[in-house]
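J.: Listed below, chain by chain, are the residues.
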Amino acid sequence: MTTPIISVRNVVNRFGRQVVHDGVDLDVQTGEVLGIVGGSGSGKSVLLRTMLGLHRPSAGEVLIEGRDLLQMSEAELIAVKRRYGVTFQQGALFSSLTVAQNVQLPIHEYFAASNAALEQLAELRLRMVGLPVDAGAKLPSQLSGGMIKRAALARALALDPALLFLDEPTAGLDPISAAEFDQLVLYLQRSLNLTIVMITHDLDTLVTTCNRVAVLVDRKIVVDTLDGIMNNPHPWIQEYFHGPRARAVQGPERGQ
Amino acid sequence: MLLESQASGDVLTLRLGGDWRLDNVAQLEAALRDITPESLAPESLTSVRRLVVDCTRLQTLDLSGAWLLQGRLDQFRAAGSTVEFAGAAPGHFKFIEEITERGPEATPPAPPQSRSWDDLLAWVGRRAVQQAVQGRDAIGFLGRIAVTSVRSLRGFKHLRVASIARHVYETGIQAIPIVSLIAFLISVIVAYLGAQQLQQFGAEIYTVDLVAIAVLREMGVLLTAIIVAGRSGSAFAAEIGVMRLNEEVDALQSMGVNYFEVLVLPRLIGLVIALPLLTIIADAMGLAGGALLSSLLLDISLTQFIPRVQAALAPTTFWAGLIKAPVFAMLIAMVGTYRGMQVRSSSRELGRLTTAAVVQSIFLVIFADAVFAVVFVTLDF
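Going down the list, the protein sequences come from chains A and B.
Going by our numbering, the residue at position 127 of the first sequence is 127; the numbering climbs one at a time, nothing skipped.
Going by our numbering, the residue at position 104 of the second sequence is 1104; the numbering climbs one at a time, nothing skipped.
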């Protein structure tokens, strides 16, 4: 088995007396789409922030391509961060910059590209996520929810990352836009051979895009294929995948 | 070597090599710019009929590199040349083709804006309309404050006492240390300068008059108002601005709550209560500063100082200062809340309007002070 692109080893996260993670292990293999689910407050975002190096865990280690994120020097960290893109739940687009400038910002930070090249490269990203080119001149406040998600994805793709983190990519979208977004993510993942880690509550997204699912329950993590997880006897997981809102997912084609 | 080009007849062969990646974007740009071979002048792009791209020596290629190359090749295509790959094109080109087909047509760039007198005229017109709209909004704001205050007089419930108390605490009580310190220091400075000048005439006892009148009539209230404008005017604008960005104001409105009554009026009333009180403290601290300097520098003891102050002051001096405080308070609170309400949609807007709130409220305070000065002189107050 090849070295996982990211592996989380025995991570413990404590806030005061509250223990969020108590020995979490997770390997993300190159080229897979991993979905992270869990109840509110189960520490999905904390886990994501730990993997991004934004949060230092109380114990344990995070390895990126076999190297410990917590031991890296500033320069190494920057080199690693270049290789992954992140979209945040609310988009986190810089509200005073246009969409195109948002996409150009990371490129401009790292490379000495001319303005013409920056514009060209931003256009490529906007086309990749299916935004009309004239959306580039708009401010984030002028975009609809779905377009903000796409613009955030375009910015995450700015540095041609190998690894994408998506935090609730389809939350707040109508089912049609959400389905389109799922297809877009899948299309980009296949075309560019991306590795994707996403937090999602959208069961349809899980079914459509994810190869494997990680469930955060009882301060631990359970990782399996979707089918494996659905047959997991843990009561919370049963409730999650077989509760009233999950019927549609089981649907005829997955019928019990 | 990223790119070698070789011309033979009307065929131009491009040999790509090395790393065509985003990391080398500056070199890629340079290489693409002088893609024409030495034998061909840049303007003779059209004389190349066929372009052959050879990727065999290419080490790495990423999407950005492919896209930049594609952009340059498209220019040749537009000039009427045919472009082909020697062997199979790398997968990225297929992906690019897909997304350009899938995506909408590139919109033609907007026509360059002509700079003429028409534009100037349009600009002046636009600004005039903007100013008029802003003026109308400001008057509307004033009107709503008036209506809401009258309405809230009807019932105790509409007065939001808890909220007013909070604002008295935040804008008044928390400002006491800084206001006291500044009033004290300024009056020390005034007394020191005054003493130096008046000593030349042997009239240093008039330093007391100078300090007492300056502090009570002008300095106390003006400095307090300026400090409060900086502290609380900006806080009002920022608080309300963030509430607008978070759609909290919309939430209030949708509940049928009058947001003027909840957000604007408590701040206004709170500041109208707090600023006069702060002014009294500033006056006291100013006199204390004057007394201290007089006893240290001029040997005027406290027992001499107090009767001298009493003799120097007309019965109206103290009130001439204090009466301005509520007016300044209203100006500061109204500008702060008004600018906060104007925030729409972006964080830059928030910064701009908070700055505007502070600058304009300080300006208005000083302007109003000048008006007061003229009126008081005319009335012999």
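If you're looking for bench data, these hints aren't it; they were derived computationally from the structure.
Keep in mind the model is a prediction, meaning the values are calculated, not measured.
There could be a bad hint or two in this list.
[Said to hold, decoys possible] Short derived list, chain A residues pointing at chain B, Cβ under 10 Å:
#1 Ile107
#2 Pro140
#3 Ser144
#4 Gly145
#5 Gly146
#6 Leu159
#7 Gln189
#8 Ser191
#9 Met230
#10 His234
#11 Trp236
#12 Ile237
Even glycine gets a Cβ: it sits at the ideal position worked out from N, Cα and C.
J.: Now tell me if each hint is right for this structure.
T.: Evaluation of the provided hints:
no.: 1; hint: Ile107; in the structure: holds (7 Å)
no.: 2; hint: Pro140; in the structure: holds (8 Å)
no.: 3; hint: Ser144; in the structure: violated (14 Å)
no.: 4; hint: Gly145; in the structure: violated (13 Å)
no.: 5; hint: Gly146; in the structure: violated (15 Å)
no.: 6; hint: Leu159; in the structure: holds (7 Å)
no.: 7; hint: Gln189; in the structure: violated (12 Å)
no.: 8; hint: Ser191; in the structure: holds (5 Å)
no.: 9; hint: Met230; in the structure: violated (34 Å)
no.: 10; hint: His234; in the structure: violated (37 Å)
no.: 11; hint: Trp236; in the structure: violated (32 Å)
no.: 12; hint: Ile237; in the structure: violated (35 Å)
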